[in-house]
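A.B. asks: Now for the letters of each chain:
Protein chains: 2
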Amino acid sequence: MEIITLPDAANWESLIHRPLIDHHLIYDTVTEILEDIKSRGDEAVVHYNRLYGGAGDKNLMVSPSEIEQAVLRVDDRLKSAIRTAIQNVELFHRSQKRRVKRIQTADGVICWRKQVAIDRVGLYVPGGTAPLFSTLLMLAIPAKIAGCKKIVVCSPPLKNGRLDPAILYSAWSLNLENIFKVGGAQAIFAMSRGTSTIPAVDKIFGPGNHYVTAAKQLVQLEGTAIDLPAGPSEVLIIADGKANAAFIAADLIAQAEHGPDSQVILATDDASLLKKVAAETGKQLKNLPRAVIAKKSMRNGKLILFRNLNDAVAFSNLYAPEHLIIMADNSRKVASRVNNAGSVFIGPYSPEAAGDYASGTNHTLPTGGYARSYSGVSLDSYYKMITFQEISEEGIRHIGPAVATMAEAEQLSGHARSVRIRLESIKKPGL
Amino acid sequence: MEIITLPDAANWESLIHRPLIDHHLIYDTVTEILEDIKSRGDEAVVHYNRLYGGAGDKNLMVSPSEIEQAVLRVDDRLKSAIRTAIQNVELFHRSQKRRVKRIQTADGVICWRKQVAIDRVGLYVPGGTAPLFSTLLMLAIPAKIAGCKKIVVCSPPLKNGRLDPAILYSAWSLNLENIFKVGGAQAIFAMSRGTSTIPAVDKIFGPGNHYVTAAKQLVQLEGTAIDLPAGPSEVLIIADGKANAAFIAADLIAQAEHGPDSQVILATDDASLLKKVAAETGKQLKNLPRAVIAKKSMRNGKLILFRNLNDAVAFSNLYAPEHLIIMADNSRKVASRVNNAGSVFIGPYSPEAAGDYASGTNHTLPTGGYARSYSGVSLDSYYKMITFQEISEEGIRHIGPAVATMAEAEQLSGHARSVRIRLESIKKPGL
Chain A
1 MEIITLPDAA NWESLIHRPL IDHHLIYDTV TEILEDIKSR GDEAVVHYNR
51 LYGGAGDKNL MVSPSEIEQA VLRVDDRLKS AIRTAIQNVE LFHRSQKRRV
101 KRIQTADGVI CWRKQVAIDR VGLYVPGGTA PLFSTLLMLA IPAKIAGCKK
151 IVVCSPPLKN GRLDPAILYS AWSLNLENIF KVGGAQAIFA MSRGTSTIPA
201 VDKIFGPGNH YVTAAKQLVQ LEGTAIDLPA GPSEVLIIAD GKANAAFIAA
251 DLIAQAEHGP DSQVILATDD ASLLKKVAAE TGKQLKNLPR AVIAKKSMRN
301 GKLILFRNLN DAVAFSNLYA PEHLIIMADN SRKVASRVNN AGSVFIGPYS
351 PEAAGDYASG TNHTLPTGGY ARSYSGVSLD SYYKMITFQE ISEEGIRHIG
401 PAVATMAEAE QLSGHARSVR IRLESIKKPG L
Chain B
1 MEIITLPDAA NWESLIHRPL IDHHLIYDTV TEILEDIKSR GDEAVVHYNR
51 LYGGAGDKNL MVSPSEIEQA VLRVDDRLKS AIRTAIQNVE LFHRSQKRRV
101 KRIQTADGVI CWRKQVAIDR VGLYVPGGTA PLFSTLLMLA IPAKIAGCKK
151 IVVCSPPLKN GRLDPAILYS AWSLNLENIF KVGGAQAIFA MSRGTSTIPA
201 VDKIFGPGNH YVTAAKQLVQ LEGTAIDLPA GPSEVLIIAD GKANAAFIAA
251 DLIAQAEHGP DSQVILATDD ASLLKKVAAE TGKQLKNLPR AVIAKKSMRN
301 GKLILFRNLN DAVAFSNLYA PEHLIIMADN SRKVASRVNN AGSVFIGPYS
351 PEAAGDYASG TNHTLPTGGY ARSYSGVSLD SYYKMITFQE ISEEGIRHIG
401 PAVATMAEAE QLSGHARSVR IRLESIKKPG L
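Those protein sequences? They're chains A and B, same order as listed. Reminder that position 408 of the first sequence reads as 408 in the numbering used here, one-by-one numbering, no gaps. Reminder that position 153 of the second sequence reads as 153 in the numbering used here, one-by-one numbering, no gaps.
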C-alpha cells in the first residue's frame with residue numbers, strides 16, 4: 001500500500017481518481033448478443049450460456065425439484081444465519097415505507113404522492129468465483145416488501161448446470177418462483193425484452209462483470225430502468241490514533257479480497273497508526289484463502305496521513321466512498337459531517353461485513369464516486385411515486401388566473417384556455 | 001384523431017406504442033461537441049452557441065445588470081402569478097422532506113438513512129419557441145429546499161443575446177446566481193465537465209431537444225447523474241358519459257400544442273362522448289395561436305371507446321401516461337386504481353395546466369412509458385440517502401456469528417475474519 005503523508009488539498013483530486021472503465025470498448029460484443037437475443041430468443045440465451053463458460057442446459061428455469069434438493073443440502077448453521085439476515089434486512093427496509101401526506105397547497109387544491117410498486121423487476125445475482133446469495137437477499141427482500149407482482153431472478157449456472165444451493169435456499173425462503181439459470185449480458189437482455197421462457201421486466205437490479213454492466217447501460221437507453229451504475233467495490237476508513245489497527249487491517253483486507261480492482265483507503269491523523277496498520281495487514285494476509293486477489297488490490301491501496309480528522313472527512317467527502325468506516329474517539333460526530341458516501345459504519349464494532357450481510361442495511365451501493373449523486377438500493381428503488389392533485393371549483397378559482405397568466409407568457413394559449421373554459425363555466429353554471 | 005371502438009385487449013399493446021426516437025443516430029454529432037468542449041472549453045461553448053442559431057456573446061454568464069433590467073420588464077400580473085406558483089410548489093415540495101428514523105434491527109444494531117443534498121446541480125431550461133420559465137421554477141425550487149450548495153442554470157439565449165425576462169425574473173425570485181446563456185448539447189457537456197466559466201455539477205436536470213437528450217445520455221455513462229430520460233409530452237384522459245366534452249377537448253388541445261410529437265388519448269366508456277369531443281376539438285382549434293402544431297399532433301391522437309371504465313383504467317396502466325386526467329362520476333375511485341402514471345389530475349376542475357404551473361406538483365415527469373419504473377422530479381431527486389449503522393459490542397455478538405457464517409459460505413474469509421477478530425477481542429478484552 002502506498003503511504004501518503006500530509007497531501008496538499010490542491011492534490012486531493014489526483015488521489016480520489018479511480019481507474020476509468022470504458023464500457024464502450026465492449027459495446028460491440030454486447031450489442032451482438034442483444035441482436036441475437038432479439039432474433040432467436042431462448043435459443044440465443046442457451047448459446048451464450050454455453051459460449052461464456054456456463055453449462056448448456058436447455059431448461060433455463062430452475063425446477064421445483066432442484067429447489068427441494070438445494071434446501072436439503074444447505075447446512076443448518078447457514079440456514080439459521082440466512083434467516084437472521086432476512087429478519088434484519090426486512091425490518092430495516094419495511095421501515096422505509098412512506099405514508100401518503102395530503103397537502104393543501106392553496107384553498108381547494110390538494111396534492112399528494114403515492115408509492116406504487118414497480119410491476120415487474122429483474123434481479124441479477126452474479127456467480128463466478130463465489131455464490132453471492134447475499135445479493136439475492138438484498139435485492140429480493142425489498143421487492144417482496146414493495147409488492148412487485150413479478151420478481152424474476154437470473155444467475156449463471158455452475159459447471160454442474162445447477163445454481164448454488166445457498167442461492168436456491170435463499171430464493172425458497174423468500175417464496176421466489178421465477179428463477180433462471182442464465183448469466184452475463186444475455187441475462188440482462190433476456191429480462192429486458194422477455195423471451196418465451198424469461199418474462200420481461202420494467203427494472204433490472206444487481207451487480208455483475210463488465211459485460212453485465214455494459215448490457216445494463218444499453219437496456220437503460222432502450223427504456224428498461226436499472227438500479228445503479230456498478231463498479232469495483234471500495235472502502236475508506238477514517239481512524240484516529242486510538243483505533244484498533246488489527247480491526248482496520250481486517251476491514252481493508254475484507255474489501256481487498258472482493259477483486260483485484262477493489263479500492264481501499266485509510267485516512268488518519270496519526271502517523272503511528274499508519275505503520276501499525278501496514279504491519280497488521282502483512283500479518284493478516286498470511287493464510288487468507290483469497291490472498292492473491294487481496295494483495296493485488298492492496299497494491300493500489302492508500303494509507304494517507306492528514307493534519308487532522310476534519311481534513312480526513314473533507315477528503316472522504318471528495319472521494320465519496322461506497323463504504324465508509326469510522327473508528328475515532330467520537331465516531332458519531334465525525335459521521336454527522338459525512339455528505340458523500342454510500343453506507344457508513346460507525347465505531348469499532350461496525351465492520352463493513354456486518355452491512356454486507358446482516359445488519360439490515362442494503363449492500364447494493366454507489367461506487368466510483370457515484371455516491372455524490374446516487375443512493376444505494378432501498379425500498380424506494382422498487383416504487384414509483386405517482387403524484388395526484390384534486391382541485392375543486394374553489395381551487396381553480398384560486399390558482400386558475402395565475403396558471404392562465406403564466407401559460408400566456410409561455411405562449412401556450414391552449415393551456416390558458418383549458419383553465420379559462422373552466423373558470424367561465426363556474427361563472428355561468430350550466431354552460 | 002383516430003376513433004377506435006372496443007379494441008380487443010390482445011391488441012392494446014399496439015395502441016400503447018410511441019414513436020421510438022433513436023438517439024444513436026445523433027451520437028456522432030453530439031460526441032464531436034463533447035470532444036471539442038473537452039479540448040477548448042468555453043471557446044467551444046461559444047462556437048456551438050453561434051453554430052446552432054443562438055447569439056454569439058462571449059460573456060456566457062448573465063450579469064447582475066441583465067437581471068435587474070429583466071425584473072423591471074416583467075409586468076406585475078405575471079410577477080404575481082409566478083409568486084403564487086413559487087408558493088404552492090414550495091409548500092408541496094417542502095412536505096416531501098423525510099425525517100431520520102433510527103431502527104434497531106437487532107439488540108445493539110441501529111440503522112438509519114439520512115437525506116443529504118447533492119452538492120452541485122445543473123438545471124437546463126429550454127428556449128426555442130417559448131421561454132419556459134415554469135421549468136426553471138420546477139427544477140430550482142426543490143434544489144433550494146434541499147439545500148444544494150451550487151445551482152447552475154443554462155438556457156439558450158434569444159436572438160438579442162439575452163435570456164427571456166420571465167426566466168431571469170424567476171431566477172431572481174429564487175436568488176439564483178449562476179445563470180448561463182448556453183443552450184443545446186454544449187450546455188449539458190459544459191455543466192457535466194465544467195469549463196473556466198461554467199461550474200461542473202453532479203446531476204443535471206431538465207428537458208430539451210433530441211441533442212440535449214442524447215447529451216444527457218452520454219454524460220450519464222460518464223458519471224454525471226440525470227433526472228429522467230426525456231421524451232415528447234403526453235396526456236391520457238379517462239372520462240365517462242357525464243364528463244364535460246369542452247373541458248376534455250381543451251385539455252387534449254393544451255397537450256397537443258406542446259409539439260407535433262405530443263401524444264393525446266381519450267379513453268371512455270361512452271360512445272356519444274367521443275363524438276362530442278371530436279366536434280368540440282374542431283371548434284376549439286379555431287383561433288388557437290399554435291393550431292398548426294396542435295393539429296399535427298392531434299392527427300396521431302386516439303379517441304378510444306372501452307366496454308367500461310375498468311378497461312379504460314387497465315389500458316391507461318398499460319400505457320403509463322405522463323399525465324392522466326380523470327373526469328368521471330367517481331374520479332377518486334378511478335384514481336385509486338392507477339398504478340402507472342406520472343401525475344394524475346382528479347375531477348373536472350383539475351386540468352393538466354394547473355399542474356404544469358401552479359398546483360404545487362412538479363411538471364417534470366416520466367414520458368414514453370417510463371412511468372412504469374420512474375417517478376417524476378421531486379425533492380427526493382436532489383438528495384442522496386446515505387445509510388448509517390452503529391453496532392455495539394452487544395450488537396456484534398448478536399449478528400457477528402451469522403455474518404461470519406454467511407461470509408464463509410460465499411468464500412469470503414476476509415469478511416468472516418473482520419467479524420471474528422472483533423468477537424475475539426470482546427471475549428479477551430485488551431487484545
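Think of the hints as simulated: they come from the structure by calculation, not from any bench. Among the clues, some could well be false.
The list treats identical chains as one, so a pair stands whether inside a single copy or across any two.
The calculated DSBU-like cross-link candidates involving lysine-lysine, where the alpha carbons are at most 30 angstroms apart (straight line), are [as the list claims (entries may be wrong)]: (1) Lys114 / Lys427; (2) Lys38 / Lys283; (3) Lys97 / Lys114; (4) Lys427 / Lys79; (5) Lys242 / Lys333; (6) Lys275 / Lys296; (7) Lys114 / Lys333; (8) Lys144 / Lys101.
A.B. asks: From the Cα coordinates, with 30 angstroms as the cut-off, is the pair Lys427 and Lys79 best called within, between, both, or neither?
C.D. replies: between (70 angstroms within a copy, 25 angstroms between copies)
A.B. asks: How would you label the pair Lys97, Lys114 (within, between, both, or neither) given a Cα cut-off of 30 angstroms?
C.D. replies: both (11 angstroms within a copy, 15 angstroms between copies)
A.B. asks: Given identical chains, is Lys275 near Lys296, meaning Cα to Cα at most 30 angstroms, within a copy, between copies, both, or neither?
C.D. replies: within (20 angstroms within a copy, 72 angstroms between copies)
A.B. asks: Is it within a copy, between copies, both, or neither that the alpha carbon of Lys114 lies no farther than 30 angstroms from that of Lys427?
C.D. replies: Intra 34 angstroms, inter 49 angstroms, cutoff 30 angstroms: neither.
A.B. asks: How would you label the pair Lys38, Lys283 (within, between, both, or neither) given a Cα cut-off of 30 angstroms?
C.D. replies: neither (52 angstroms within a copy, 46 angstroms between copies)
A.B. asks: One pair to classify: Lys114 and Lys333, alpha carbons no more than 30 angstroms apart. Within, between, both, or neither?
C.D. replies: Between copies, since 14 angstroms is at most 30 angstroms while 35 angstroms is not.
A.B. asks: As a check of your reading, is Lys144 near Lys101 (CA-CA no more than 30 angstroms) within one copy, between copies, both or neither?
C.D. replies: both (24 angstroms within a copy, 21 angstroms between copies)
A.B. asks: If the cutoff is 30 angstroms on CA atoms, where do Lys242 and Lys333 land: within, between, both or neither? Let me know, please.
C.D. replies: within (16 angstroms within a copy, 61 angstroms between copies)
Taken one by one, the earlier hints fail for this structure at numbers 1, 2, listed in ascending order.
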